[in-house]
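> Sequence:
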Amino acid sequence: MASLQPFNCATPKPKSKPKPITPSEIIAEFSHHDPAIARINNGSFGCCPSTIIAAQQNHQLHFLEQPDNFYFNILKPSILKTRQIIKTLINADHVDEISIVDNATTAAAIVLQHTTWSFFTTLFQPGDAAIMLHYAYGAVKKSVQAYITRAGGHVIEVHLPFPLKSNSEIIEEFRKALQTGKANGRKIRLAVIDHITSMPSVIIPVKELVQMCRDEGVDRIFVDAAHAIGNVNIDVKDIGADFYTSNLHKWFFCPPSAAFLYCKMSDELSDLHHPVVSHEYGNGLAMESAWIGTRDYSPQLVMPEVMEFVSRFEGGIEGIMRRNHEKVVEMAKMLVEAWGTELGTPPDMCSSMAMVGLPPCLGIKSDADALKLRTHLRTCFGVEVPIYYRAPISGCCNQASQGWVYLQFSFIMRSLMENRVQLVQPLELQNFRRQ
Numbered sequence: 001m002a003s004l005q006p007f008n009c010a011t012p013k014p015k016s017k018p019k020p021i022t023p024s025e026i027i028a029e030f031s032h033h034d035p036a037i038a039r040i041n042n043g044s045f046g047c048c049p050s051t052i053i054a055a056q057q058n059h060q061l062h063f064l065e066q067p068d069n070f071y072f073n074i075l076k077p078s079i080l081k082t083r084q085i086i087k088t089l090i091n092a093d094h095v096d097e098i099s100i101v102d103n104a105t106t107a108a109a110i111v112l113q114h115t116t117w118s119f120f121t122t123l124f125q126p127g128d129a130a131i132m133l134h135y136a137y138g139a140v141k142k143s144v145q146a147y148i149t150r151a152g153g154h155v156i157e158v159h160l161p162f163p164l165k166s167n168s169e170i171i172e173e174f175r176k177a178l179q180t181g182k183a184n185g186r187k188i189r190l191a192v193i194d195h196i197t198s199m200p201s202v203i204i205p206v207k208e209l210v211q212m213c214r215d216e217g218v219d220r221i222f223v224d225a226a227h228a229i230g231n232v233n234i235d236v237k238d239i240g241a242d243f244y245t246s247n248l249h250k251w252f253f254c255p256p257s258a259a260f261l262y263c264k265m266s267d268e269l270s271d272l273h274h275p276v277v278s279h280e281y282g283n284g285l286a287m288e289s290a291w292i293g294t295r296d297y298s299p300q301l302v303m304p305e306v307m308e309f310v311s312r313f314e315g316g317i318e319g320i321m322r323r324n325h326e327k328v329v330e331m332a333k334m335l336v337e338a339w340g341t342e343l344g345t346p347p348d349m350c351s352s353m354a355m356v357g358l359p360p361c362l363g364i365k366s367d368a369d370a371l372k373l374r375t376h377l378r379t380c381f382g383v384e385v386p387i388y389y390r391a392p393i394s395g396c397c398n399q400a401s402q403g404w405v406y407l408q409f410s411f412i413m414r415s416l417m418e419n420r421v422q423l424v425q426p427l428e429l430q431n432f433r434r435q
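Residue numbers (the UniProt record's numbering): 1 to 435.
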């Protein structure tokens, strides 16, 4: 067995300030990535540095070495430390508002289960509604169907235009959907709002939409921010939602998978439960989530090492976010200029992900064509990148409503990418034609 770093219960000595990371060290941190593949899809699964993988493995080995000691003396204090770090990062009021879960999909299940129970107890009535964006993540949309629809609720989808030119388009469409949903006296009980939509990728004016929901009397507001932490700044008190979740493994360098769920302190907090019931049931959501049975909890325990890792970069996580955004916009503008296309959103609505229009000559006419192009880029050019096809809007004839296809370009760590952008140059794409 590999040697373990002992857990020292004595008062730790103050740590010296970490040395700034060098370009060669950055490359070494991600040397486990396949060098033949340009991973331009960080938003899908994230990337974990070797330093953090080593910390994770140390936790795994400590559990295997003496599971009972790990369970009784190490696990809960370590998860509490993660919760305390998250509380500070997102400006929550109290650590009890923070629970650590597997991923944002699990967080959605917790919130939706809570909402479903309100239907069963007749607090909510059949026909009461939940509202969400049409571009909500697929698993979350399925979860809404599984929980809300089966409980007798109605689901309202807000259809957003794409490409987008400004936040005002999003705000106006959301306002119209709320008003339409309430037109016949229906009550809207839950709003599910993305902070950054997954596909297509857009920063949503979440604070404005939350306030709109408050003004319109929506009972509960859940922000699905799977892509947010490590990508944009988060202030949950400023945003004002009841629930907010984000994955720690996408843009914050944790191993997969780990996420947090913020639940604003209220009388309802005690009614929230993890969908996997175990020995901690009834002790509060944070405690229930901290133990759902024997499993690997190590991805949830490495936040102290992650914080030390990001502190080695100029400007810390804020500097990383700024540089990622600047670089993805730079690359996206280069590509649309070369291909004669356009961005899916203005740069200020991009995060570390940008939607880049692909040339019509590729002949993409369906989701199947888009998947074929993605496979072609992977197998022939070693490029892993999501492709988004937006079908023509029925009944519309203007150019903006015609079918479009976009490449979702996501970026993290400049030194990993700067020599790979040539893999998606126009001449390479011209080799693909719809068969």
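FYI, nobody ran anything at the bench for these hints, they're computed from the structure.
Don't take every hint at face value.
What the hints assert, rightly or not - Taking lysine-lysine pairs in the DSS-like style, the calculated list, with each CA pair at most 25 Å apart, reads:
(1) K17 with K81
(2) K187 with K176
(3) K207 with K182
(4) K141 with K76
(5) K76 with K207
(6) K142 with K87
(7) K141 with K19
(8) K327 with K365
(9) K141 with K207
Claimed, not checked - Per label pair, the in silico range of CB-to-CB distance:
(10) E208 with P67: 45 to 55 Å
(11) D215 with E25: 27 to 37 Å
(12) A54 with K237: 14 to 24 Å
(13) Q179 with T121: 21 to 31 Å
(14) K142 with A28: 16 to 26 Å
(15) T149 with S16: 50 to 60 Å
(16) K142 with S16: 30 to 40 Å
Bear in mind the structure is a predicted one, so any value in this text is a computation, not a measurement.
Idealized CB from N, CA, C, for every residue including glycine.
> Tell me the numbers of any earlier hints that the structure contravenes, in ascending order.
4, 5, 6, 7, 8, 11, 12, 14, 16
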